[in-house]
Structures are given as C-alpha cells and as structure tokens.
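Going down the list, the sequences are from chains A and B.
With the first letter of the first sequence counted as 1, position 306 gets the number 354 in the working numbering; the numbers rise by one all the way through.
With the first letter of the second sequence counted as 1, position 66 gets the number 114 in the working numbering; the numbers rise by one all the way through.
This list has only true hints and no planted wrong ones.
Examples of chain A residues lying across from chain B (beta carbon under 8 Å, computed):
hint, residue
1, Leu-76
2, Asp-80
3, Cys-85
4, Glu-87
5, Phe-99
6, Ala-297
7, Ser-299
8, Met-309
9, Asn-312
10, Asp-313
Not close to chain B: a few residues of chain A, all C-beta gaps over 12 Å, as computed:
hint, residue
11, Phe-59
12, Thr-145
13, Glu-151
14, Arg-232
15, Arg-265
16, Glu-394
17, Glu-419
18, Thr-424
19, Ile-444
20, Glu-458
Worth flagging that the hints you see were computed from the coordinates, not collected in a lab.
Built from N, CA and C at the ideal position, the CB exists for glycine as well.
What follows is each chain in one-letter form.
Number of protein chains: 2
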Amino acid sequence: MNSETKKNLDFVQAVLKEAEMYAHASRLLTYDQETICPEKGMEEQGEITAFLQNQVFKLQKQPKFEEAMLYIYEHRDELEEFDRVCAEQLYRDYAKTRNITTEKQLEFSRIMNKAFVDWSAARKASDFSMFADSLKKVRDANIEMIKLRDPKDMEDLNGKKNAPSLDPDNKYYVMGQLIGDYERGITIEELDECFEHCKERLVPLLKKIMSSKKKIRTDFMHKEVTEEQQRRMTDYLISVIGYDLTRGAYSTSEHPFTDWMGKNDIRITTHYYPTDFAASMYSIIHEGGHALFEMLQPEENYDHFIEGGKTLGMHESVSRMYENRLGRSKSFIKLIYPKTCEIFPEAMEGVSEEEFYEAINVVEPSLIRTESDEFTYTFHIIIRYEIEKEIISGDIDIADIPRRWREKYEEYLGVSPKTDREGVLQDVHWASGFGYFPTYSMGNMYNAMYYNRMKNEIDIDKAVESGDFATINNWMKENVFKKADRLSPAEWIKDITGRDFTADDFLDYLEEKYSGLYEL
Amino acid sequence: MNSETKKNLDFVQAVLKEAEMYAHASRLLTYDQETICPEKGMEEQGEITAFLQNQVFKLQKQPKFEEAMLYIYEHRDELEEFDRVCAEQLYRDYAKTRNITTEKQLEFSRIMNKAFVDWSAARKASDFSMFADSLKKVRDANIEMIKLRDPKDMEDLNGKKNAPSLDPDNKYYVMGQLIGDYERGITIEELDECFEHCKERLVPLLKKIMSSKKKIRTDFMHKEVTEEQQRRMTDYLISVIGYDLTRGAYSTSEHPFTDWMGKNDIRITTHYYPTDFAASMYSIIHEGGHALFEMLQPEENYDHFIEGGKTLGMHESVSRMYENRLGRSKSFIKLIYPKTCEIFPEAMEGVSEEEFYEAINVVEPSLIRTESDEFTYTFHIIIRYEIEKEIISGDIDIADIPRRWREKYEEYLGVSPKTDREGVLQDVHWASGFGYFPTYSMGNMYNAMYYNRMKNEIDIDKAVESGDFATINNWMKENVFKKADRLSPAEWIKDITGRDFTADDFLDYLEEKYSGLYEL
Chain A
49 MNSETKKNLD FVQAVLKEAE MYAHASRLLT YDQETICPEK GMEEQGEITA FLQNQVFKLQ
109 KQPKFEEAML YIYEHRDELE EFDRVCAEQL YRDYAKTRNI TTEKQLEFSR IMNKAFVDWS
169 AARKASDFSM FADSLKKVRD ANIEMIKLRD PKDMEDLNGK KNAPSLDPDN KYYVMGQLIG
229 DYERGITIEE LDECFEHCKE RLVPLLKKIM SSKKKIRTDF MHKEVTEEQQ RRMTDYLISV
289 IGYDLTRGAY STSEHPFTDW MGKNDIRITT HYYPTDFAAS MYSIIHEGGH ALFEMLQPEE
349 NYDHFIEGGK TLGMHESVSR MYENRLGRSK SFIKLIYPKT CEIFPEAMEG VSEEEFYEAI
409 NVVEPSLIRT ESDEFTYTFH IIIRYEIEKE IISGDIDIAD IPRRWREKYE EYLGVSPKTD
469 REGVLQDVHW ASGFGYFPTY SMGNMYNAMY YNRMKNEIDI DKAVESGDFA TINNWMKENV
529 FKKADRLSPA EWIKDITGRD FTADDFLDYL EEKYSGLYEL
Chain B
49 MNSETKKNLD FVQAVLKEAE MYAHASRLLT YDQETICPEK GMEEQGEITA FLQNQVFKLQ
109 KQPKFEEAML YIYEHRDELE EFDRVCAEQL YRDYAKTRNI TTEKQLEFSR IMNKAFVDWS
169 AARKASDFSM FADSLKKVRD ANIEMIKLRD PKDMEDLNGK KNAPSLDPDN KYYVMGQLIG
229 DYERGITIEE LDECFEHCKE RLVPLLKKIM SSKKKIRTDF MHKEVTEEQQ RRMTDYLISV
289 IGYDLTRGAY STSEHPFTDW MGKNDIRITT HYYPTDFAAS MYSIIHEGGH ALFEMLQPEE
349 NYDHFIEGGK TLGMHESVSR MYENRLGRSK SFIKLIYPKT CEIFPEAMEG VSEEEFYEAI
409 NVVEPSLIRT ESDEFTYTFH IIIRYEIEKE IISGDIDIAD IPRRWREKYE EYLGVSPKTD
469 REGVLQDVHW ASGFGYFPTY SMGNMYNAMY YNRMKNEIDI DKAVESGDFA TINNWMKENV
529 FKKADRLSPA EWIKDITGRD FTADDFLDYL EEKYSGLYEL
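So that you can see chain A by itself, here it is in the shape it has in the complex:
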C-alpha cells in the first residue's frame, strides 16, 4: 500500500469510528422506542434519533471524507480484502446519496421517525387514517430519494443487466431500485418471475391441503398460559440454540425484532400472547437466528468496519433456517417436547409428541404474517410485494391500500381482515420504506439451498435431536456467516452451494413436507 493510500485509509477509519458512536446511540434510541419508550415521549425521542442519524450523515458528507473515501476506492486493489470490502461499501453508499444534502437527509429521517410514531398510535387505535398522511410522506420521500440518484451510478454498482425496469422511464424503476437497496443486484423482473413460479406450484398445493381429510388438532395451542411460563420457555429456547446472554438481552415489543448494537450487544425481542404460547416460542427462535448470525461473525469484520454488508435476504435466510427448517422439524420437536410439557402442563396434558409436531406445522390461511404457518407465509409476502408495486408506481392511492389489502387476502388466502390492526397496520415496515418484504421470501429460498448442502456434510437431525447446536452453529459460521459481509447475495449463495439462486429447493421442501403431513 502506498503511503498516500494508507493516510487516506486511516482518515476514513477515524471518521467511521466517530460516526459509529452516533450510529450506535441512534440504534439504541430506536430500540428503546420499540420496547419501552412511553407514548408521549416518542416524538421527542424520534427527533433525537433523527438528529443523531444526521450527525452520521454529515460526517460522511464532509468533502475531506468524500475525497479520502474516493481515493481508497480508486486504489482498492492495494488494500487487503477487508478494507477493500469496506471501501466498496462506502462507495455504494456515497453513490446512492451523493445528491442528497444533509438537510434533505434530516428531512427524510424525521419523516420516517414521525411515521413510526404515527404507525404505533394508528395500530393501537386500529385506524389506518391516522397513519395515512405519514405513509404518503414516506412513499414520496422514497420516490424522491431514488430520483435523486444518478441511474448511471446504479448501473455501475449493480452490473449491467438488460432488465426493462432498470430504465428510469420504466413504471417500476423506483420500486426496482428500492428492492435492490435491500437485496443487492436483484431486479424486479427476477423477483416477478420467482413469485410467479411460487404461485404456480403453491396455489394448487394449498388447494389440495385445504381439501385433505387429515385432521390436525390445535385446540391445546390456545390454552391460557402465564407470561411467567412463557418467559421460562424463552430462557430455555435461547439456551438451546446457543444465544449468548452475556452478549445480548431479550425484551418484549409489539413487533419482534433483532437489533445489533455493537459486537458484544445483540438484542432480540419477543411478545407474549396469553392464548398462543407457540407465538413467542417461534418468534424467539427466529430472532435468535438473526442474533447468532451477528454473534458468530468473524472478529475482523468489526475492526475493518465491514459488519454492514449482509443483505436482509441473507439475514432472513438464517432466522428462518432456525425458526422453520430446524425449529419446526421432527427432530427439534423431539428435543423440546419434554420441556414444553414441563413448562405448559395444562396446555400439553394428553398431547403426544406427534400431535405437537403436527400442530406446530398446521396449515391455516390466516391474517397475521408473523403468526402464519410456514406454508402460507409466502402468500403474505406476495400480497405485500404486489401492493408495494402498486403504491410506488402510483397505480393506487394511499387511501386505497386497506381495500387492496382485503381483496388480495381474499384472493390468495380466502380470508379478509375485519380491522386495520389485523390488516394493513400489522407490520411496521412501511413506516420506513418499501421493498423489504420480498427479502423474507428470498431468505426461505436461500436456506433451502444451503440446507441441501449442509445435510450432506453433517447429520442435521441427529445434532438437533440431541440439542447439539454447536455443530449446527459451527457449520453455519464457516459456510454461511463468514463471507456474508463480503459478497453480493448472488455470489454468496453460489459460494456456499456451488449453484445459482433458485426457488425450487424451497418449493420441493414444502411439497415434500406438507404432502407427508397432509397425506396427499
């Protein structure tokens, strides 16, 4: 490395270190808002979060920083791998935001923070109209943000592809860019094709399941249990999967999530429903999976400021690996069945291990995404994705969203929300933007692919059944986690599996599992 590169790299890292102070604080404020901040304190706290996020942005907008960052990006061949990845990440952020002033960024940030507050209140009151105005502002801010970008920059960043949606005049250009922000390199066309393929295989299968004669009893799943019992179950489950409580903590929130504060502080949340003990069980395993991904990443990532390269699809692949592939498997049920009976004796009385397994996997078209079964889950995503496209392309007005929501749920799942709370207000995501949801489905598809490699190398069922998550986690660490920050999703999944992305492993898995369960 020449001394000029070294000097610029050192300067960049010093600024990143300072920016990380503000960013860490702002993450903590957001976490607090979602877990404990009182209703009337929300707005002020949102303002402070926006202020801190703006300090981060300002630091990276300093001409001196931009120069140094561009210098190391141009000389990235001289850098060691970790620093090179960091330079590339910085350049991507720079290219996306180069026309956004610090004032404009603060404005966006405040819109999102206000939208969160409004969403919380609207959800509580189950009244979409209380959120509509903020949602419109979020939509407009998202569109404005994308339109401020130079399309040429985006082409350079993502590689040339011949998709019509990459043309700025295309109706779906903005939506395509938003999707690419979350899942780098993917186009609207690829996603459309993927979901069409899912529908082709899943719609007929769902019909068969719904008309199957197989009866699965679920009555006991809705017996009343206390919060204290559910807390004991949470403690048990996080210890089973290997979540380290000296480097994390759990609490409760309306919408469960995982928050990375720092390398030794990765928080998760859950929620406790008195008549649905499985809900907190599977949300804690899901969030625990996200947390393991962060807890088990290579030490070097922190030191080189590259801990932010994972896409949401990668992240969801891991959380859903633990929640569904592992967590809803026969071997996992075998492992946790005795403890479940011990902690929830009233609910589990007279319930066999097989009945518990079946209940955990019952297919039931329903209204709430986060509570839905593994099979119908994909439809929840497709519905959101299709509505998002309409919102961003201008095909529907904000006021029409609840109506579209009901229509789509009726169409795909044959159910229809009676209230906004169990409909369009159930998810927090649109308070900060659009294009996030598809990553949940991509996650299912990624993990189905790497599960198929993993099973050739270790005896997954044996490890799970015996509670040996060290073996599982270690395989994940070496094969799935290690390079996630350094590769694009397409490179990453190919690196793990040797194959290009496909939804078929996931669809095959569903078909096999549910054909068995429903005796089709």
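Starting from the known structure of chain A, arrange chain B on it as the hints suggest.
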C-alpha cells in the same frame, strides 16, 4: 431587554437545544446500561455515553458560547425570571468547570463510566477488589476536579460563610465542595452539626426501641410471591399515586432509580425479590415520588432550559414524602390493605390491617440501606457520610474501606456484613462520586418541615385514605415543586414553610411515631 442581550440569549438557547439532544441520548444510554444492557456490551456503551457527554461539554466550551453566556449573565437583570435563573445556572456550571479542558472532561467521564461497569461486575462477584482500582480513580478524579476550581469563584457562587472548611487548605475542603455540588450552599460544618444532633436524639431512642417488649410479627412479609403478582402490585401503586404511564414507563434494575429523559418521558425502575414483596412496593412509591416531581413541574421550565435546578436533597424530600410520610402512614395502609390481600393472598392470609401497618414500620437494624426501615435509615447515611469524609480527606486508603464499613455498621447498628455485596458494594453511588448520600437525609428533614405546613391546609389522612392523591399532588405542585428549579435549598424551604432549615421536625416525627408503635 436590549437587542444585544436578546441576540446573545437566542444564541445561548440554540446551543442549549443542541446540547440537550446529546444529553438526552446519553441519559438514555445510561438508563439502558442500568436496566438491560448485556454484561459484555457495557464497556462499549460506556464509551459512547462518555463521547456524547463530551459533545455536550464541548458545545458549552466554545468561546462563542462562553462569551454569550457571560453577556447574558452580566445583563441578567434585563431577563425575565426563567431566563435569569437559566443564566445563573449556566454561570455556576461555567465557574465550576472553567479550568477543565474538553480532554480532561472526557477523561473524567470515561473513568466514571468504567467505574460503573466495574462496580456492576464486582457487585455480581461480591468482590470489592474488582472495584478498588476504579474507585481510586474516581476519588482522584473528584479531588482533581475540585482542585481545578478557583476557590474565589466558589465563594462568589455560594455566598460568603465563615466556615473553616471553605478554606482550600482545610482537610475537608474538597469534601465540602462536593457536598455543595449536590446541595448548594450547605457546608460540612452545618452537616456535621445536623448529623451530631440526629445521633444525640436517635441513638438513645434506638436503644429504647430495641429493648421494647412490643412484638411485631413480620413472618408473612417473607412468604414467597411471584414476579407476576409483584408486577400487578406495581401497576396498582403507580396508579394510586398518580404516576402517568403515557409519560413514563417502569422496568427493573439492580438499584432502583428515576431517570428524566424529557418532559414527557420520566422513567422509574424497581426490583422484585421473591421473598420480600414490600421491597418492590416501597421502591416503586419512592421512585414514583421522584417522577411526580418531574411530571408536575411548570411547563415554562422546559422552554427556558431551567429544568435542572432541583437539588438532590429537594428530590429526595419528595420521594421520601411519598415513600415514608405518606406511604408508611396508617391512612395509606388502610387504603392499600384490601388490594394487598387480593394480590398476595398466600402471604396476607390472616394478617390484620394493624399487623400489616406494624410490619411495614418495624425497626430492624440491617445491612442494606435501600431495604432499611425509616427509623434506622439515617444511620446508613451517617455511616456513608463519615466514610466518605475519610476517603476524600485521605484518612483511609481505598483498600481499607470494607473494614471501616464493617466497623461503622457494628458501631451504629450492631450488625456486620459478611460479604462485600451486602456491605460496601451495595450502592452504585461511589462509582460516580462522593457527597451524594447526605442529600437523602436532608430530604427527610425537608419533607418533615413541609408536611407540618401541609397538614394545616389539607386533611392529609382523609385524602390518602380515600386514594385522593390529586389533592396531595396538587398541593405539592403548588407549594413544593413550582419554585424548586428557581431557588437554592435554603431559599426554597423557607419559601415553603416560612422557617429556616432544621432537623427537628423530622426527629420529632420519628420520636412520636415510633414511641407510639413501640409503646415506649
């Protein structure tokens, strides 16, 4: 106001507004550290807190800010009352820190944050030696901070008094200044005299109580209860005293506390012990009292940045008013007895209202300050105060503290801790400095004085008995809370009661109450 004054005032307020963003965030990080932050994430979070506190300090150290602040301070006669108070507060802070560089402040801040982390770990391990090194640094930093001050400044700030300890060469000069930081205007001599007077009256009284034939049953107070039951009790009590959950939240922490985040966000904490249900009851009433003080302050204080003028003694007077004077009174027990029986049926079975009242007020020399009864409480404070004086004056080494602690507990209360955890490590306070404890006792003395005025104006027992805390809170708001930010403690207590500060109201109260209870 001349236009130059206006210009300077506006500038000062704009800077204060920005500083408040950082300060709010740093308070939130500290709160998080004490409630949920995982063990291994503590140190990094402490660093960030120190960084944010340093940003506040830097903003106030800008020459432009100092000039503007000095200008409005010199022209304070032109300002309206609220702004004048703000100018005076700012000048006091300035005078105390004018020789402290931003680097030095960061160093102090980091020492305190590290000390908190070490205290937490040491307390957990019950091993004073793990905290000793940090404690020494805190002591040295406190001494250094005071020695950096100009004694002339301090004389100007506090008014001339002829106390020997105000002479910088006096052995107790540093300790005296530290005390004055918490309780403005009070000298070591006044405090010594006050505590000697307390000892004169309380030591013989304690002897009488201990040899009284009166038997108070307390067996039921240690029956096992669940956390869920205690949470229900917490919910009930905060609703009784009028703590507003839309402007606050409660959670748990090792050491219960109240944190003011913003005008609509005042948090309290408690802790749940399985075999001591009264502990969480009285800690929540205590912290709830602190919170009411903040929740019911005049709106104008926020707008004029004068919400920081309350001394700790004032604050403790309020929390202890609710916890002890009101909370441990016969009328309060009458109010809460039925609900206590309902929530803790196993513990309260066969316990009469009178027995419950007696148990809540039993005098039992013990080791833990926060769990101690109202009567022996003062001895816990005297012990800490006397040891603090020795620490700061250099009469004892850090390593000797646990020994001194045991000796003093033996001397005053006839009990001696077997472990550091139930001895010197029980309180967090020394991790940030010295001189805080005496304010707890001052608080008892203040509230005894204003209780004696209050009872002439409203029927306290009737209000409490009927759960009419609106009447109580309103009286407190008008008479106790309103001017607290604007006056020194001596001015404030005189403003409320028309009398100069005295410990006798408190001592009379104790004598009367406990002579009755123990049939002396």
